[in-house]
Amino acid sequence: MARRCPTCEGSHTCHRGSLRSNKARDLVVRRAVLKLIADNLAVDRGDRRVFAGLSFSLESGNALVVTGPNGVGKSSLLRTLAGLVSLSEGSLNLHGAQSERSVAEHTHYFGHQSAVKPALSVKENLAFWRDFTTPAQVSNFDPKEYVAQGILEELGIGHTSELPAAYLSAGQTRRLAVARLFVSPRPIWLLDEPTSALDANSEAQLIDLMNDHLRRGGMIVTATHTPLSLSPLQSLHLEALSIDDLAPLEEIG
Amino acid sequence: MSSWALSLFQRELRLAVRVGGGALVGVLFFLAVVTVIPFGVGPDLNLLARIGPAILWIGALLATLLGLDRLFQADRDDGSLDLILMAGRPLELVVLIKCLAHWMATGLPLVAAAPVLAIFLNLEPTAIGAVTLTLAAGTPALTLIGAIGASLTVTLRRGGLLLAVLVIPLTIPVLIFGVSAADAAVNDPVPFMTPFLILCALSLISLVVGPFASAAALRFSSD
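So the sequences go chain by chain: G and U. Following our numbering, the numbering of the first sequence begins with 1 at its first residue and continues without gaps. Following our numbering, the numbering of the second sequence begins with 1 at its first residue and continues without gaps.
Accuracy of the hints is not assured; some may be wrong.
To be verified - Derived coverage of chain G by chain U (criterion: at least 3 residues anywhere in the stretch with Cβ under 8 Å from a Cβ of chain U; other residues may be distant):
(1) 81-89
(2) 106-115
(3) 146-155
Said to hold, decoys possible - Per label pair, the in silico range of CB-to-CB distance:
(4) Val-165(U) - Arg-45(G): 22 to 30 Å
(5) Val-165(U) - Asn-40(G): 24 to 32 Å
(6) Ala-112(U) - Ser-86(G): 19 to 27 Å
(7) Ala-204(G) - Leu-156(U): 50 to 58 Å
(8) Leu-87(G) - Ile-168(U): 46 to 54 Å
(9) Phe-9(U) - Glu-239(G): 42 to 50 Å
(10) Ile-37(G) - Gly-20(U): 38 to 46 Å
The hints are simulated quantities; they were obtained by calculation from the structure and are not laboratory data. Beta carbons are placed, not taken as given, at the ideal position from N, Cα and C, and that holds for glycine.
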């Protein structure tokens with residue numbers, strides 16, 4: 001079944017799926033503003049159209065929350081932005097990016113899986129991703145420098161750094177996965193249900209870290225069912241196209 | 001070698017030798033296959049010496065296939081493969097380094113065990129040396145060809161059997177020239193170098209083709 005986006009939530013008006021922030025953006029003069037522009041995206045997985053006609057733009061320092069019912073294509077959208085699912089139609093551009101790198105190489109993907117190897121120690125897990133992932137430096141993104149142990153301490157799992165990751169609880173494993181975002185800075189974070197398996201404290205801490213990332217000129221695109229207090233916040237609501245909406249298309253076809 | 005490559009190599013080696021890594025599974029399987037054959041064939045020492053190199057080579061081929069299905073699947077299962085694909089490193093080199101580490105952990109022990117197991121098969125010293133040398137030159141080709149199969153079957157839950165079916169036909173030239181080089185070392189007047197150099201060439205070809213084909217297959221796997 002074809003699905004089409006988007007209708008926006010909130011009081012602001014929306015036109016053809018383009019998004020405008022509902023908060024007044026701080027007017028900081030920036031050299032080359034980092035801007036992610038998605039134009040008329042369509043994605044097929046297998047033979048099934050997941051979504052079509054999806055457009056949005058997101059500027060440096062903003063978060064985009066993607067909401068919608070299960071199976072509507074939120075995760076597919078994030079995986080598309082991460083370059084893991086190829087576009088069937090439309091284009092994805094990042095203004096102000098390093099020209100020799102793809103959009104995906106400016107992003108951190110934080111999915112349902114934590115990419116943690118149980119046989120390696122916590123420190124070895126993190127050190128590998130630090131060395132292996134290329135950091136992406138762009139002009140108006142100023143990430144906080146973290147050493148591996150520093151971010152583990154900050155996330156409250158510093159004492160586990162020598163232990164095999166197999167001994168970590170689900171929440172601790174999740175926090176180790178979060179730590180990966182900080183050791184190799186990239187401006188765009190793609191977070192798929194970032195707060196799952198986290199307790200209330202960890203969740204609040206993660207939201208603080210996410211807000212800090214936004215203040216430093218980063219961007220966040222997140223798919224979530226729990227409301228996250230991020231600011232400035234844009235939202236994108238994906239809805240399945242109903243059968244009534246499909247009917248005229250079939251007549252044309 | 002740059003630091004990311006070294007970091008990847010160390011990670012792969014650590015994962016292979018630690019719990020659940022399976023570095024020793026291959027060599028234990030090799031031991032099992034080679035020790036069972038004399039019981040099946042019977043105590044004919046001349047016959048064993050004649051078919052010895054072939055048994056060692058077939059054992060090594062099967063032992064190599066045993067661990068290959070996890071080469072990329074282990075990374076796919078926990079989401080690491082997605083991050084590896086978007087890390088911004090050349091995927092062909094990533095595959096090559098993973099294969100190198102995999103060979104160090106599983107292929108090299110087979111080469112090291114071959115001289116010991118060759119004694120069970122009544123091989124004479126020249127033949128022991130020859131079969132060990134051909135295994136050292138040929139097993140990297142098995143790993144690299146197998147990597148193509150491993151990346152093609154990475155999305156399948158039980159890809160191990162399909163991997164064997166895909167990979168075994170491609171490894172037959174390696175097997176033929178490996179065994180004939182080892183035989184040539186003992187049986188005059190056949191020259192040893194001719195099949196041995198072809199074996200080396202097969203390894204070098206798979207060194208180039210393997211990583212490129214495997215990386216191309218992995219790029220499609222994430223969809």
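Review point. Are there hints from earlier that the structure breaks, and if so, what are their numbers?
Key: 3, 5, 6, 7 and 8
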